Amino acid sequence: MHSTIVRGQNVFGFFTTICFVVAALIAASDLLAPRTPKATVAVKDLQVYEYFHLPNPVRGRPHYYSTKKEEYAIIRFSLSADLSSLFSWNTKQVFVYVSASWPNSTLGDAGKGEMVNEAVIWDTIITNPSADHLQNLGPAAMKKLVRSAKGKTIDPSRGKLEFKNQKAKYQITSPDGKLAETDNMVLKLHYNVQPWVGVLTWTPQIEFGRWKKVKGGISKAFKLPAIKVKKVAEKKAT
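Heads up, the sequence shown is in the UniProt record's numbering, so the first residue is 1 and it goes up one at a time.
These are computed hints drawn from the structure, not numbers from a lab.
The model shown is predicted, which means the values in this text are computed figures rather than measured ones.
Ideal Cβ positions, reconstructed from N, Cα and C, are used throughout, including at glycine.
Be aware that one or more of the hints could be misleading.
Stated by the list, open to error - Derived Cβ-Cβ restraints for the label pairs, each shown as a range:
1) T16 with P139: 30 to 40 Å
2) I5 with F208: 11 to 21 Å
3) K164 with Q205: 26 to 36 Å
4) A42 with F95: 20 to 30 Å
5) S78 with P156: 15 to 25 Å
As the list claims (entries may be wrong) - Result set (DSS-like, lysine-lysine): computed pairs, CA atoms no more than 30 Å apart in a straight line:
6) K69 with K188
7) K215 with K160
8) K44 with K167
9) K213 with K160
10) K178 with K144
11) K143 with K164
12) K143 with K188
Modelling step: build the complete structure from the supplied sequences, incorporating the hints.
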């Protein structure tokens, strides 16, 4: 005869095994749901600055004591994306971001055509209706969001993005500090799907079953302009 403790351990072991199997089946069910995202990205405005003035949220040196001059680019873009197919009953939230990619000029011909530099310029998080409580929103905005998704297990409108002349959240620079007149730069749309159960999945580089690559999602190659220097007015001595 087994003791009460041994029987309890057996029941708990059986219970955890069942939970693991059910979780594995839930995670595997994502492979059955088609993913056919599509997007269009277009550049609207480009500016490059040389930062050597006192640091502030718009311009500055790498840090307060640095004497190094760096060039930063500010990009405005338009984005039209339909990511609604990424939302299934197992989707918790989708992290979407736009990056700028360009070749490394310091490699010369060896790095020509290779997008070895990449920096994120904008991002956002889209939650499923059942995960709205995870968003850091005010009471009024949260109430409006919950009302819009009431009764919807999967809200396909959550995955549709439309931005015109959107200002980038983050300005970018290059490892060598030189960015002006950089050629063959492109913008790319990426995403990361976080499920309730299972592993994180990123933008696929190849098509896998019913999961397709992003249709479009890459802008035309463009060239950054020359440096635009902003002069700081000097205070008159009193």
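Numbers of unmet hints, in rising order
2, 10 and 12
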